[in-house]
Amino acid sequence: MKLKKIALLLGSNAILFSGYHVHSQTNQANNSAITESGPYACQNNSAAIDELIIYQIMVESFVNGDPNIGHGTGYGTSHHMGDIKGIIDSLDYIQSLGVNAIWMTPIFDSQPIEGQKHWADRLDATGYFATDYFNIDPRFGTFEQAKQLVEEAHKRGLYVFFDGVFGHHKKNVVASPSGNLPVGESNPVSYPDSLIFYKEVAQYWINELKIDGWRLDQAYQVPPEAWTEIRRAVEQASASVTYTNSNGKKVNPLGYMVAEIWAGENRIIETGYGDEDAPALCSAFDFPMRYRLVETFAANEAGVSHASGQWLAEGMQLHDLYPSHAKPNLMIGNHDLVRFGDLMQRSNIASPQDEEYWLRYKAAFAFQTAYSGPITVYYGDEIGDQVDGFANKVWGNCAIQGFCDDHVARTSAKIDGVTASLSEQQAKLKQEVTLLMSLRDKHPALAKGKRTHILSTDQFYVDHKQFGDENLLYVANISGDSQMLSLKGEEIGSKDGLTDLRRETLIRNKQGSYAVDLKPFEARFLKIEHATKPKPQSQSIQTMGDDLGALGKCDNPTVDQQGPVSTELFVVGDFADSGWKHIDSRSFKYKGNNLYQVVMNEKAGSYRMQYAAESWSPQFTADGLSLKLGQTNKLVRGGYGQDTTATLMEDGQYVWSLTFNEDGKAESVAVAKCE
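With this note's numbering, the residue at position 161 of the sequence shown is 161, and numbering never jumps.
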């Protein structure tokens, strides 16, 4: 959940609320065991984690199963009457998609404060500022219903993950059954003082309901060393209880934890994964790749679109930055992002009346299918859901209208046979998603395979996936035109035919090459019948541009004179050393001839930034919101959400450059690697 808007919505007073369902106390032996310090390795069930296909549910906006309860208000476009009963009623539908897990947004009690404004009522409905972490919000249901939900999901082969908000809460939060409380301010709380409380929360629901783990809201609010201890508590609690799975086998809860850290790779490492030798968390949502995915097949929230295959390849290569224990989890959307279909419409790419709309959706799901590691599907994406009229919205009080970018995807769920009957196109997309998830389940090279990048251009993207004796190719056409792709056998590691897993046809080797026909936005999954030795090598990604002259020099002297811009400017972004703060080392210096520069030691990674005064006025960004290494771009006025993206593939020293004309009007921007 986003932090910046909700911080203002909390009231200054709160009331205590009590009344626990304490069926068994937290295991005291576990409590003593989890105080161990030092490095704690990630769990060994990595294969099960790689295979995860999680279905995300925003509880308040999903399905109204009990008309007698519900919040009735919230942020977004839903009726806001969703509840636990509605999820139970939808489990057969969810299972039919081929997913194997569900994640629900928080369902803990969020008691309203007397006299609170409607803004706080809306926030209560999200569940992200709880009062009582040990009781179910009665507007969502009961403890017994939550238990029924977990048991019914387990019968269907579905893991269940709760949403853990361990860095902030509503004021005057209720004490735990053991008498513990979080410490410090309500947003964020203080660590390590709050650790004992949140370890008890994390273990309680595993012991009571046998949930399979946690999604971790705003995980950057919790120090990495505290995450290590909470993870230890979760894994030990999971090892202490069992349930009967869909195969009639007694199993332990999975103990999976996945972090929300809305940042670039280095920030995710710093605040989530921790070091190679001292793991903190073992999985985090892959926000960097999510943006690259929508920028390729749709558009991002700022309207950036039509990215190339190389843009995808750069992002996947940056996974090499993560420590070996990291398990990135890729999603197309979530409850804080604009739906994929609305992004297409807002950028005038395609609408539901167009075949291209559905082809692009299928292309995004196909990329997810070929992703090594866990993936998440946001409810409604499997049917191409969107919000009528959102693309043409009139700006105003978007929160009341339900049209804010970080609220709009909270739509009432269209569950076939439960709340809706699907249109022909919706049903076809759902069927395609189900087939893709089945393909991922049957072919472990897709979810668990080692990835070798083969090709990325404006039209194509090709990866080789290998797991055990299985060798597959993911071949994608990222253009709206039919294409014929020629692949050399030596480059893909094949000496015989390629079998299409979907078409069930054979592509023969003709004079050492394979001709692969691809329809617009089509992805094909090809099995290599006889792999060659050695295996194919990853193709390098070229990122260097042209000679920039003075803009590319790192040793231009600073001059002692006033330039055309009177306000001090900074390069401000999601850098690991600053996190969107203005810091002195990122201040531009005047070099003469209307040129401003700052030289910095940067880590490899993808970054989003603007060039702004400390007051954020003025602020500038790159035209098209994209900056390529070694190439100049036009510098234009920026604003909220108008962030420049740049990819640095190597650690090293870089120079950021801005130029203005004599009148102080913005001209150009560039970044270059110092020799």
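Hints are supplied without guarantee of correctness; some may be wrong.
Calculated pairs, DMTMM-like style, for lysine to aspartate or glutamate (alpha carbon to alpha carbon, straight line, at most 25 Å) [unchecked claim]: (1) K581 / D277; (2) K430 / D441; (3) K250 / D441; (4) K673 / D663.
Pairwise CB distance ranges (calculated) [what the hints assert, rightly or not]: (5) M484 / H306: 20 to 26 Å; (6) G157 / S538: 47 to 53 Å; (7) N245 / D469: 26 to 32 Å; (8) W580 / N601: 17 to 23 Å; (9) L181 / A427: 35 to 41 Å; (10) N172 / G624: 47 to 53 Å; (11) D547 / W580: 27 to 33 Å; (12) D469 / G639: 31 to 37 Å; (13) N601 / S566: 25 to 31 Å.
Keep in mind that the hints were calculated from the coordinates and are not lab data.
Note that CB positions come from ideal geometry on N, CA and C, so glycine has one too.
Here is how each hint holds up against the structure:
1. K581 / D277: violated, 29 Å
2. K430 / D441: holds, 17 Å
3. K250 / D441: Distance ~22 Å between K250 and D441 Cα, so the pair holds.
4. K673 / D663: Distance ~29 Å between K673 and D663 Cα, so the pair is violated.
5. M484 / H306: 20 to 26 Å: With Cβ atoms ~21 Å apart, the hint holds.
6. G157 / S538: 47 to 53 Å: Because 35 Å falls outside the window, the suggested range is violated.
7. N245 / D469: 26 to 32 Å: Given a distance of about 28 Å, which is inside 26 to 32 Å, the answer is holds.
8. W580 / N601: 17 to 23 Å: holds, 19 Å
9. L181 / A427: 35 to 41 Å: This hint is violated: roughly 50 Å between Cβ atoms.
10. N172 / G624: 47 to 53 Å: holds, 48 Å
11. D547 / W580: 27 to 33 Å: holds, 32 Å
12. D469 / G639: 31 to 37 Å: Because 53 Å falls outside the window, the suggested range is violated.
13. N601 / S566: 25 to 31 Å: holds, 29 Å
Hint compliance for this structure: hints 1, 4, 6, 9, 12 are not met, and every other hint is.
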